[in-house]
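J.: Chain residues, written in single-letter form:
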Amino acid sequence: MANRDENAMWSIFGYLLSGLIFWGGIGYGLDKWLDKGIFTLIGLLVGISGAIYLVWLRFGRE
Amino acid sequence: MRVLLRSAEGEGFVPPSTKDFELPPIFGDNVYTTKPILLVFLSVILISVFFILSARKAAIVPSKFQFAGESVYSFVRENLAKEVIGHEFMRFVPYLFTLFTFILVNNLFGIIPLIQFPTMSHVSFPYVLALSTYLVFHYVGIRKQGAFKYFKEILFMPGVPKAAYILITPLEILTFFVVRPLTLSLRLFANMFAGHLLLLVFILGGEHLLQGVIGLKLISPFAFAIGIVLTFFEFMVQCLQAYIFTLLAALYIAGALADEH
Amino acid sequence: MEGTLNLVGFGLAAIGPGIATGLIFAAYINGVARQPEARSVLQPIAFLGFALAEALALFGLVLAFVL
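Protein sequences, first through last, are from chains B, C and S. Position 60, counted from 1, in the first sequence is what the numbering used here calls 60; the numbers after and before it change by one each time, with no gaps. Position 16, counted from 1, in the second sequence is what the numbering used here calls 78; the numbers after and before it change by one each time, with no gaps. Position 19, counted from 1, in the third sequence is what the numbering used here calls 342; the numbers after and before it change by one each time, with no gaps.
Each hint should be verified, as a subset may be incorrect.
What the hints assert, rightly or not - Taking CB as the label site, the calculated pair distances span:
# : chain 1 : residue 1 : chain 2 : residue 2 : range
1 : S       : Asn353    : C       : Phe294    : 35 to 41 Å
2 : C       : Glu132    : B       : Leu30     : 41 to 47 Å
3 : S       : Pro359    : C       : Ser194    : 23 to 29 Å
4 : S       : Glu360    : C       : Lys126    : 40 to 46 Å
5 : S       : Asn353    : C       : Phe218    : 23 to 29 Å
6 : S       : Gly339    : B       : Lys36     : 50 to 56 Å
As the list claims (entries may be wrong) - One side of the interface only, derived from the structure: several residues of chain B facing chain S at Cβ under 7 Å:
#  : residue
7  : Leu45
8  : Val46
9  : Ile48
10 : Ile52
11 : Phe59
If you are wondering where the hints come from, they were derived from the structure by calculation, not from laboratory data. All residues carry an ideal CB built from backbone N, CA and C; glycine is no exception.
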């Protein structure tokens with residue numbers, strides 16, 4: 001179906017954004033709590049890789 | 063890192079900003095009678111009158127008026143509802159049709175002379191539309207598949223190692239319940255807001271140039287010309303955004319109805 | 324005018340992913356138009372490429388706010 005492409009693009013965008021927000025947010029909170037500076041970056045990387053993994057699961061396996 | 067830029071001449075041209083969207087109440091101090099709210103009522107009246115008139119004297123050989131009304135209806139029914147949702151589409155045609163015409167008319171207020179304010183550039187209107195869509199598609203999904211199965215299918219994808227759920231289930235929750243309605247409304251809002259701001263920049267800028275020295279006066283027609291071209295561009299964007307909002311609403315309903323993702 | 328320079332940086336950082344997304348979907352549309360039955364093969368690849376390009380753009384967006 002032609003309309004699935006449109007939907008898929010916005011879902012991919014949503015997954016990537018929520019991955020960055022969620023895990024990056026956890027990293028940011030850890031940074032504030034422990035007074036370090038590294039967890040934000042780790043959180044962002046974990047979030048983006050989780051989101052790409054999820055995109056692969058949803059759209060890449062077919 | 064915050065910076066402050068001062069323009070060199072600074073002759074008092076105030077660039078349009080978010081303050082241009084905060085319109086004062088029209089009747090006295092009543093905060094509920096600002097321009098956007100009156101425009102919403104106007105749009106409802108316009109849509110109702112148009113479609114009641116076009117459907118009242120329905121004939122087999124349609125008049126031009128009836129033809130216009132029917133082509134909008136059949137566009138939503140065939141291209142949006144039937145193609146996306148499938149065999150159960152008839153239940154959702156009224157909702158999608160209302161959504162499409164309401165957004166379209168409210169967007170077009172942005173370029174109609176004398177009105178020239180897209181209602182949807184106030185973020186609360188898209189929020190309400192997205193919220194109602196959100197309630198509709200979750201309700202439909204829960205009704206169709208049962209609450210437990212519906213949420214289980216969203217949150218836990220089959221065929222994934224157990225440890226990966228820690229990584230991806232939060233993302234699914236956030237995407238389905240926060241990011242989706244938010245992007246749905248913010249896309250419409252941002253397009254209307256930016257479009258109105260763009261038109262303001264060129265029209266007000268052209269007007270300001272007209273009051274400058276002779277060299278600037280010669281430039282101002284170009285600013286107005288670009289403003290007119292951008293008005294046609296805005297017309298396209300406004301139709302497209304109404305279409306995309308309705309299309310995504312239909313796609314979400316279709317996704318909630320489908321048994322298997 | 325007052326504003327933050329981070330957003331200028333984000334604007335510059337978004338050029339690359341923008342071009343990349345355009346190229347990916349140009350190639351995808353081309354491929355499907357020439358050979359419609361190849362859609363099921365091309366679709367996952369196009370979406371994964373899109374996800375990777377989009378990830379960079381969103382990374383820029385987040386870093387513009389965090390830094």
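J.: Next, verify each hint and record whether it holds.
T.: Here's how the hints hold up against the structure:
| no. | hint | result |
| --- | --- | --- |
| 1 | S/Asn353 / C/Phe294: 35 to 41 Å | violated, 29 Å |
| 2 | C/Glu132 / B/Leu30: 41 to 47 Å | violated, 59 Å |
| 3 | S/Pro359 / C/Ser194: 23 to 29 Å | violated, 37 Å |
| 4 | S/Glu360 / C/Lys126: 40 to 46 Å | holds, 44 Å |
| 5 | S/Asn353 / C/Phe218: 23 to 29 Å | violated, 37 Å |
| 6 | S/Gly339 / B/Lys36: 50 to 56 Å | violated, 30 Å |
| 7 | Leu45 | violated, 9 Å |
| 8 | Val46 | violated, 13 Å |
| 9 | Ile48 | holds, 5 Å |
| 10 | Ile52 | holds, 6 Å |
| 11 | Phe59 | holds, 4 Å |
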